[in-house]
Structures are given as structure tokens and as C-alpha cells.
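Protein chains in written order, with our numbering: chain A, 1 to 259; chain B, 1001 to 1259.
Take the hints with a grain of salt, since some may be wrong.
[Unchecked claim] Over 12 Å on every C-beta distance to chain B, these chain A residues come out as not near it, computed from the model:
#  : residue
1  : Trp14
2  : Gly22
3  : His26
4  : Gly27
5  : Gly42
6  : Ala47
7  : Ala68
8  : Gly86
9  : Pro128
10 : Asp160
11 : Leu217
12 : Ala230
13 : Asp252
14 : Ala259
[Said to hold, decoys possible] No farther apart than 20 Å at their CA atoms in a straight line, the calculated lysine-lysine pairs in the PhoX-like style are these:
#  : chain 1 : residue 1 : chain 2 : residue 2
15 : A       : Lys176    : A       : Lys186
16 : B       : Lys1176   : B       : Lys1186
17 : B       : Lys1102   : A       : Lys176
18 : B       : Lys1102   : B       : Lys1069
19 : B       : Lys1176   : A       : Lys102
20 : B       : Lys1176   : A       : Lys176
21 : A       : Lys69     : A       : Lys102
For the record, the hints were derived by calculation from the structure and aren't laboratory data. For every residue, glycine included, the Cβ atom is placed at its ideal position computed from N, Cα and C.
There are 2 protein chains.
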Amino acid sequence: MELSLNTATVRKQWNLAQIIDGCARHGIRGISPWRDQVSAMGLSNAARAIKANNLVVTGLCRGGFFTAKDWRDDNRRAIEEAHELGARCLVLVVGGLPQGSKDLRGARERVREGIAGILPEAREAGVPLAIEPLHPMQAAERACVNTLEQALDICDALGDGIGVAVDVYHVWWDPKLEAQIRRAGKRLLAYHICDWLVPTRDLLNDRGMMGDGVIDLGLIRTWVEAAGYAGFQEVEIFSEHWWSRDADEVLDVCKARAA
Amino acid sequence: MELSLNTATVRKQWNLAQIIDGCARHGIRGISPWRDQVSAMGLSNAARAIKANNLVVTGLCRGGFFTAKDWRDDNRRAIEEAHELGARCLVLVVGGLPQGSKDLRGARERVREGIAGILPEAREAGVPLAIEPLHPMQAAERACVNTLEQALDICDALGDGIGVAVDVYHVWWDPKLEAQIRRAGKRLLAYHICDWLVPTRDLLNDRGMMGDGVIDLGLIRTWVEAAGYAGFQEVEIFSEHWWSRDADEVLDVCKARAA
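Only chain A is shown next, with the shape it has when bound in the complex (with noise of 0.2 Å):
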């Protein structure tokens, strides 16, 4: 499976330039940029570059925060943006609760309300979307669609042009995760992958690289490869520990151990 790079693994080190140079530097053929980062260095620019560098463009983070007041016009120009870098997907962090709200099934309702409103504009640009089920502990913050198969469920209700982020941080622990997987197939649009160390000690920040935690990845890629899939697996780890160390290092890490 050849090797993508989420551009958030090294975002504290380099910016979205320093990263593209480096996926070419390092053989790194994939990557997936932030829209932040893709903002800073300009849309078309960013563009120019990964294409000069001939990297495919794995996915688009992210769209979604459907429980956010600008989601429309956000999610719009994410789309947008995701049509012109030539993105595979533009992957969805669909969003929690509202402030103050306890109200987490309404939450759902407008996320599949909100999905549903974005998918014609998303389907017109030939842009994927691709729902990420985030970890359950983060179901207030940043996503209430929390499982594989929730996430599929809302697929189902939506017909084509959607699919599903699987990375293996957010479902490894799922009983049910080989069983949503064979039934993801061909809406397996990106899989990503990192470690879960134990012990964890930030709910955000402290994401292990593979091999230093407890996922086994070998036997959940079969299921992945066995779905159907063949496309790229990106590398994305939030950690001050990665972010810490020097950014050459860690491409090369990361190339080692998604051998």
C-alpha cells in the first residue's frame, strides 16, 4: 500500500511548501493537506506545487462542523478547494455539540441535514466526501458520528458520491469494525493510520506512531485490502511528542514503519 502523509503530522515543524518538498524528497507520493495550511500558501500555488511534484492528493481536511453557524459557506469553499487541488476526498470532521447544548441526537439529525445539503454541490465538483468517525471521546467536541457503522448508516440514507474515512485511532476498539468494513467496500475512500499508546495521556495530542502502541495494523489492513480497497494509506499523527522532533526524522519513521 503505498504511503500518503497527512500534512497535520508534521504542521508544527514545516509549512504546507516545507511539506510538499518533502514528500518529494523522501519518496512520499501521497499527501493530505489541511485547509489552513492550503490557505496560508495560497490555494493555487499549493496546487501549482503538488503537482509539479506529481504527489496525489489523498484527501482534503477537512470539511464538516455541521453544528457551526458558517458550515454552508465553509463547507462550500471546502469543496471548492478540494475540486482544485484534484482531491480524492474531502474528508468530513462532521462536528459535536453546540455550545451548551446536551442535545446530541439533534446534533446528528443536522449532520445528516447538513451532509445531505452539501453532497449536490459535492457530487457537481466530482469531489468525494468522506465521513470520519472520530474516537467516542470526542463525540462532544469535534464529531458526534463516533462509529463505522453510523457513519455507513448515513451513506446508505444518501446514495452516491459519500463514503468513509477509516482511521484506525477513531475505530480500532470496535467489535464491530471488521464487519463495517466488508460492508464499506467501495466507500472506503481513505484509510489512515497511527497508534494507540498506552497509556494515552491527552485525549487529542498524544496519538503513538505505528508500532509504539496496542493497533494491530497488519491484520486491520487485510480487512481494509480485503474490502476492495487500493488506495493510499496516509500517515496522520497529532502528537507534541512527533511535533517535537526534527520533521526528516519523522517522514523517515514514518516510511519504516508503515512498511
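Using the hints, position chain B against chain A.
Here is chain B on its own, set in the frame of chain A:
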């Protein structure tokens, strides 16, 4: 719904004798002790003091940890203690991955076998076993049963004498929670309350007091009652914050917030 105090809530301020006195003084009619506290007080002393104060033992915490080496003897003792205390159930925290293992499926098989292994003794002692699904963020370290659906699947395979403990902290995020509580019906042996704080700063010891977080406790309670549960609601708060407060004040707040 009557109130029970899980003794972990004030474990750093008081020993079990003080907690029993505290419950009586505050008019809290249920108690759910941890075995280390029972052991420190002495089993027969604890049983006598609980009985003298007319407290209902809504559960004994805990059996389980079936992935540990001494699980057989430890669970046998736990069943005996639960019987001696007249506990309404023995709460099972089933255990996570063995040290150095990534074999989550294997751990789950061992858990099923372990529960099946102790169930005959539990039935004979008249001690219902209550599987407590733990939050997915504790899958590696404390319990590889992580959803109510998964716990109920185990119960259904094993028959009588076994049910579930539903702790809102662990399951509030689950999109299938309402349906699975309905499914649980008479298998619902214990109901634990607290709250999920935003942000949550620690994976174990940053639980919130009811009302301080984002869990819709009123709604979940209607589901639990509709399922036919007529037991206590048990406050269980692992929190450095509440452990640093005066224990009498903590009990006052618990009573006010659980009303």
C-alpha cells in the same frame, strides 16, 4: 429513583466505615463499595455496619479482569464477598489487553470464556453478574467490552444470572444507546451516573458531577425507566477535583444534582 453512593466518589477523603456513616447521615440509602475498601475494613465488619445502617448494597466493585493471571481465584473471592454483603450484583470490569498484546479479539474471547467460567458459581451464590461496558478509550487498559450491544450479546449467549451495569459516562455517546437499553430490559442490573466534562483533561480521573457536563441525564433516565429498571441510580465519580473537596459537601452536591 433512589440514590446510591459508589464509594469511589469519596475514596480519597474517607475509609469505608466513614462512608457508611456518611451515607446514613445524609439519608443516602444505597451503597456500592469497592473491594479494596471492604478488605481494609474487614468483610464481616463491613457487612455488619452496612446492615446496621439499613443500606442497600446496589453493587460490589469489582470482579472481572479476565485477562489477568489470577482471574479465577480473584473472581471466586469477589463472588463470595458479594454474597456476604448481600450485593444486588457483582460489577464486572472485564479487563483489557494483556501486557504486550495487540490481540483484541483474543482478549474478548478470553473474557467470554472467563465470564462463562464463573457464572455457575455466581448463580449458586445468588449473585447476579453485571458486565459493565467501559468507554472505548479504556479498551486497552481496563475493559475490552466497550458497548452495551457487545455486553448484551455476551449475556444472550450465556442465559440467566447475568446482566449489565450501565454507566452513562461510558455509553452516553453511543448512537444505539436507546435501542440497547430497551433491549436490556431485565438484564439492567445497575445504573451509574456522573457527567462528561468539556474539555475532559484525563482519561480516568476527570469525570464530572451531574449537571456539569454534556450528558442528557434526564433523557437517558427515561430510557432506563422505560426498560423496567426499578433500582437505584448510583453516583460514581472518579475525579481529582471532587476528591479534593470536603466529603460531606460532595455528598450534599450529589443529592442535589441527582434529584
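Each hint, compared with the structure:
Consistency note on A:Trp14: stated as away from chain B, and its beta-carbon is indeed over 12 Å from all of that chain's, at 28 Å minimum. No Cβ of chain B approaches the Cβ of A:Gly22 within 12 Å, the least distance being about 30 Å, so the stated non-interface status holds. Look at A:His26: its CB is around 27 Å from the nearest CB on chain B, clear of 12 Å, so calling it non-interface holds up. Chain B leaves A:Gly27 outside its interface by the beta-carbon criterion, the shortest separation being 28 Å against a cut-off of 12 Å.
Non-interface status of A:Gly42 relative to chain B is upheld: no Cβ of that chain comes within 12 Å, the nearest being about 33 Å off. No beta-carbon of chain B comes within 12 Å of the beta-carbon of A:Ala47; the shortest separation is about 36 Å. Taking the minimum C-beta to C-beta distance to chain B, about 15 Å, the non-interface status of A:Ala68 holds against the 12 Å cut. For A:Gly86, the requirement that its beta carbon stay farther than 12 Å from each beta carbon of chain B is met, with the minimum near 34 Å.
Every C-beta of chain B lies more than 12 Å from that of A:Pro128, the closest at about 23 Å, which supports listing it as non-interface. For A:Asp160, the shortest C-beta to C-beta distance to chain B comes to about 23 Å, beyond the 12 Å cut-off, and the non-interface label holds. Here A:Leu217 does not stay apart from chain B, with its beta-carbon only about 9 Å from theirs, under the 12 Å limit. Its beta-carbon lying about 25 Å from the closest one in chain B, A:Ala230 satisfies the requirement of being farther than 12 Å from that chain.
Listed as a non-interface residue, A:Asp252 keeps its Cβ farther than 12 Å from every Cβ of chain B; the least gap is roughly 24 Å. With a least beta-carbon separation of about 17 Å from chain B, A:Ala259 lies farther than 12 Å from that chain, consistent with its non-interface assignment. About 18 Å separates the Cα atoms of A:Lys176 and A:Lys186, which keeps this hinted pair within 20 Å; it holds. Note on B:Lys1176 and B:Lys1186: the hinted pairing holds, with a Cα-Cα distance of about 18 Å set against a maximum of 20 Å.
Note on B:Lys1102 and A:Lys176: the hinted pairing holds, with a Cα-Cα distance of about 17 Å set against a maximum of 20 Å. Between B:Lys1102 and B:Lys1069, the direct Cα distance comes to roughly 17 Å. Compliance with the 20 Å bound is thereby established for this hinted pair. Note on B:Lys1176 and A:Lys102: the hinted pairing holds, with a Cα-Cα distance of about 17 Å set against a maximum of 20 Å. Between B:Lys1176 and A:Lys176 the CA atoms are separated by roughly 13 Å; this keeps the pair inside 20 Å, and the hint holds.
For the hint linking A:Lys69 to A:Lys102, the alpha-carbon distance of about 17 Å falls within 20 Å, and the restraint holds.
Hint violations for this structure: number 11 only, all remaining hints satisfied.
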